[in-house]
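Once you've looked at the hints, go ahead and assemble the two chains, each given alone in its own frame, into the complex.
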Amino acid sequence: MEQVRKLNRRDFLRWSAMAAAASALAACAPAAPATKVAVTSAPAEATTAVGATAAPQATAAPAANVELRWADWPDMVGTKEAADKFQQDNPGVTVTFEAFGDSFDQKLMAQCVAGTAPDVLSIFGYMFFAFADKGQILDLKPFVDKNMTKGDVDDFFPWHWPNGFTVPETGQLCGMPWKINITALAFNKDAFDEVGVAYPTESWDHANYADAMRKLLKTGDGGKVERYGGMIPAWDQARFLCHVQAYGGHMVDPKDRTKCLLGEKEAQEALEWLRKAFWDDKVLVPDWGQVSNLGGIGPVFIQGKCATVEEGLSAIGYDLIEATKSSPNPIKWGVMHMPKGPAGRFALGSTDGYAIYKNSKNAELAWKFSYFLSQDLYQKANVIEYQRQLPPRRSQFKYFDEIVVTPWQEKGIDMSIFTKALEMGYPRPEEAFVKQQESGVILQEALDKVFGEARAPVTEFIAAAEKINAANKAS
Amino acid sequence: MGLTGLAEPNLSGLPGQRKVDACAMTALPGQSPSRPAHRSPSYRSIEEIWAYVFLSPWIIGFLIFTAGAMLFSLGLTFFKTDLLTGYHFVGLANYGALLHDEYFVKSLRVTAFYTLGAVPLNLVFSLTIATLLNQPVAARGLWRTIYYLPSVLSGVAVAILWAWMFQPEFGLINGALEMVGIRGPRWISSQTWALPSLIIMSLWGVGGSMLIYLAGLQSIPTHLYEAAEIDGAGARQRYFNITLPMLSPTIFFNLIMNMIGAFQVFTGSFIMTKGGPNNATLTLVLYLYRSSFEQFKFGYASTLAWALFLIILLCTVVTIRSSAAWVYYEGQLRR
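Protein sequence lines correspond, in order, to chains R and F. For the first sequence, the numbering used here assigns the number 23 to the initial residue and increments by one for each residue that follows. For the second sequence, the numbering used here assigns the number 166 to the initial residue and increments by one for each residue that follows.
Incorrect hints may have been included.
With a straight-line Cα cutoff of 20 Å, these simulated EDC-like cross-link-like pairs (lysine to aspartate or glutamate) come out [unchecked claim]:
1. R:K489 to F:D266
2. R:K354 to R:D215
3. R:K327 to R:E216
4. R:K240 to R:D302
5. R:K237 to R:E216
6. R:K362 to R:E475
7. R:K304 to F:E267
8. R:K246 to F:E391
9. F:K439 to R:D303
10. F:K439 to R:D258
11. R:K495 to F:E334
12. R:K362 to R:E294
13. R:K495 to F:D247
14. R:K129 to F:D247
15. R:K246 to R:E216
16. R:K327 to R:D215
17. R:K327 to F:E334
18. F:K271 to R:E475
19. R:K237 to R:D303
20. F:K439 to R:D124
21. R:K304 to R:E475
22. R:K156 to F:E459
23. R:K495 to F:D266
24. R:K489 to F:E459
25. R:K156 to F:D247
26. F:K439 to R:E475
27. R:K246 to F:E334
28. R:K489 to F:E267
29. R:K304 to R:D233
30. R:K129 to F:E459
31. R:K495 to F:E459
32. R:K246 to R:E475
33. R:K156 to R:D127
34. R:K240 to F:E334
If you anchor each label on the Cβ, the simulated ranges turn out as follows [what the hints assert, rightly or not]:
35. F:E267 to R:K277: 27 to 35 Å
36. F:L228 to R:L35: 21 to 29 Å
37. F:L236 to R:A41: 31 to 39 Å
For the record, the hints were derived by calculation from the structure and aren't laboratory data. In this text, a Cβ means the ideal position worked out from N, Cα and C, and glycines have one as well.
In isolation and in its complexed conformation, chain F is listed as follows (with noise of 0.2 Å):
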């Protein structure tokens, strides 16, 4: 075993060379041949050694933040404790709660509401806006600050800004609306329209996806485009028989980075609607929240974290087998 226990190292000599055995016991002339000879580390198991060294800070970073905080939670889920007075074991019950448990259900409805809504708009719009900004249009470099800007801003931040712009009665949307003639809802304080935005203000964060689409769009050949030009082809034709389909496995990189991040909303919901009115805005992360640190019920709270990272998991599984029908890589062949 190598120095830091892993697989040996290659030591296969340089071309000319014989190859070189480590551990070989090769007397040098002179000695004994009882008394191994020193060989020193080759350079490549020196480089090796290093590359592990500076990944180390990341590497026992994951270890106990992240890989050992999911273990801890995953036993937590077969637990009943508040961490304060103690650990129960419940086996299952905190599974089977969960299927008894109506806010649960709830939670999981209002999030899938959530991502059907948000990811297409998010994937549709940023497609838009990247687009037009791979055009040649004056100040292009400043539109495309401009459009990446709000994505940057803190998650708190956004929220309160929009909650004041989603005020019914001295709100910019409403006061927008009113100008040409439309009663605006009351937004975060109705029941029906509060799920809807806060998937308005969603796109609030295109900019991260346009720039994806942006640099997709610009690694397209643009030979492609000749070639389909000479061919008689229109610029619609062109768009969606050589750009989409060619920018396929970053719409497919937005679908699934965008998805994730729908399914584990919380932000908007904690601070401009605390899940309400009425849990219309109740997520899941939000309700997993609520388990844990308002009602210390942290072993159900887990079994509600392994819940959503298992229905996110099947997600992405299923969008992962189902690109093979409708993303295109370059140079793949397809039969």
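Next up, chain R with everything else stripped away, as it sits in the complex (with noise of 0.2 Å):
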């Protein structure tokens, strides 16, 4: 009689292992690609070099199915809205956002090795110019020639967009704007008129400013700093420069970027004054962990701590707002522009903005999203309403002053300066090396000695200036 074979438990073992490793690898498996409906007019592009493409095709209609990718920051108010709009506009197009996390620059050009980089990339500063000279976004020269009127470019402030989004080596225009932020300077009007000190004005100066953060320093008992005369990041790379300029320096010669400018005169003489603001007089907060030790800007300056705040608009705007809206008995506070230096006034004028992938399958696409973001749906929902920043184009100035300024005009606080900041013409955009990352490294190394707790003197940046000289002259 022939025996049937049982199964014994080594075979049950075996057969079972078998069937979770064969449904493990099933899982890891990539799903199978959406019906996509034959493209009928896809644009064309060809890239003929390095970070820039050819001229674009006439536009098309979008194949039907096409995903637009979009990498910004998370939990914004207005970005829904502005995909939903977009898509409604742009049937077949479906807009995919992807939120950034922490050291998002990293991990958008380790996708741009991978390739599989988002369509559209939301950066701003260096960053432009560091993915640009990796050729990993596209010239969008060619896209605002075919697209754009003279009306319409004019419409941005030129030092803003384009200048500020354009390689000045190569041409190259690396983005669109998606709002500027602007640094000024706000102030404790309780403070000043404690102490009988005017309130900052138009005309004030680097000496005003001085001599006013020496009179608004409040020490008690013991020594302990109750209030302190001022606060400017000067630990920050992009933070300290506007003074720098405002003595007529430079961080980065504007003829040449790989040459650092901070051991010249003009530069030396801007760091000095803050070096003795720092530690002579002793008026500004020492570091940020102090400021965030204290609980962050917003009551830092509100709960009267620091007296004047050098910050930016995204600060001002939003966390002192909100920080004044929440505190039981605020401050009054009121903005200024920025004290005038013996070569004129300067300020930090961001350049964030929109940057389109390389490879990216759809750039026409990209380019008319980017386009769109610049315009008014989003600028008012998202940049004005939600962020309190400036919009880039001057037709939407009106929305920043029915929205934020007339608020806040009356109960004293006239936020009337950024716009007027920037028709004054005064903030520029960073400067960058043309290898910003080394050059970082050693700019910061030197602002911690000069800034930080070994108190060096300024003359650290001109062996910082040597070092980098050499950063980006080394291939």
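Here it is in structure tokens:
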């Protein structure tokens, strides 16, 4: 009689393990691609050189079931509405939002290496130049020349866009602007009244500024500081620059981005003004750690722990205003232009914007979308109402006036200085070296030494400039 | 060759049976001698085949994601590349650049200081806690869990937590020091105290070593203690003459593992200090990360990685060689 082979324990375990392994492998397999309708009129792009593209073809109707990937900061008001409106106006297009996290610039670049970067990238400042240098973003000049009228281009401030977004050496236009963040001086009116110092005016210079901060410094028993005269985040590479510029200096040589000018006389004078305020007069909040220890810039200022603060519109328009709303007993405060220096008035004007990934399969669509984001719908909802920052177009200032300036004018806070700043033309974008990352490391070391615990003399920047020059010249 | 291309399996016959060669071509009765008889694989060879089948996912993963990646990075050390715009062969230039790189020297110094501080402290702390938790105390299981739990938390979460604890004005640590009249330092904001802060933070994870020590302590034969007690040895003598020597293999294991981990320290300096202030916490792995993902010098970063590998290898070999002098294995005969 034939014996039936029974399933023994070993066989059971063997087959179970194989089934589990097969299931795990099946789960790891990529999803089957969605059925795509044949593209009837796809736009053609040809990459002719690193970072540049051939002139785009005539705008074609978007292909059905096209996914446009948009990478930006998470939890922002207005992004869903913008995506929905764009999808509505462009049937067949799906806008997929991908939220940034920490170290987003490094992750974006890693995605570029992998060839999987999103179509539309939200980046800023030196990152445009870094991505362009690596040939990872498209030159938008052909798109602008084809799609924008002169009137449309003139609606922007040239120093900001296109100049702030253009690589000086190659002329590549790296992005469309998102918003403008400008630094200004917020001041505690109650503190000024208390010590009998006149409020800052447009004619204030660095001498007035330093003098006021000395008078506004308040110390208590045992020498503990109860109120600092000011907060200038000089330890931040982008934030000390306006003082250097006000003294007629530069961080980066405008004619040669491989050269650092912080060792020059003008820059040294500006840096010495800062060093003196930090360590001789001791009027400035000593480090960012101190600010976050005290609750962040909003509470620090609104609770009267700091009489003046140099901050961007993002902090003044959002953090300070929110802290004012939530504080049971907020101070009276105002905003003024950055003080002048011997060479004029300067402030940081950021260049946040949208770049298009060079390998985007939907470059025309990506352009259309980034252009769309610079228009009224998104600017009103996201930039002005939510972030309380400046839109990049002059024609949109009326919304800023209506939503930000007018309500706060009634409380004695003149937020119109931000739009006036643009009209006056003194904001400047960041200065970036050719090898910004290496230069940044050397620069940060010098900043830490001079404005940190070591309290080194400003001649540290002379040595740093030499190192930066060498780093930029190295192949 | 066997089916997998590996050495021929040993098919020695069971006791009393003739040895069978799997490749033998023996004709069965009635069959033409030229036609080989089919011999089914033996049970043992089937077992081995299945063993490799089950091992294959790990082997394939190791070959692709570990060995393959290591070989790729070794190749990168001979190139200058950002992985985006091409590869430029530079020979040994990256290795030469290491010797003149002040940041490499600085990061090596920082890493060495961290290792020399964190490893001994970790070993002593974890051994002390394990010794205490090996005593018959109430709720011993609960205590062991409490001491072990921190080591299972995510490194990033721990770093953020400790950044708050180290806050000079409102942090728990300075708060506690102030209660006893000590004005605490600025910890991670201070160039002097930033690295010691990371060393202190590393003690948070002693639970893993503690657990291994506990296992080691419990494997020490009790008759040794009994014999020592009979001979009049006190607690201290028993600890230093029985416990520690018998625990030396465990200490050795923890020393190697902690040393390797310390050389690769990254999370604390990346999350809490970004290598500052003034590069006071610029560890080698952080410098490697900067060189690769911030500066896109992947060739040089790969060189740094291999330099670190060789340093760790050297230190491990030296430690293993030294173990002959101070590690005792039960049953080992020493001359």
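- prompt: Which numbered conditions among the earlier hints are violated in the structure presented, ordered from lowest to highest?
  reply: 6, 7, 8, 9, 11
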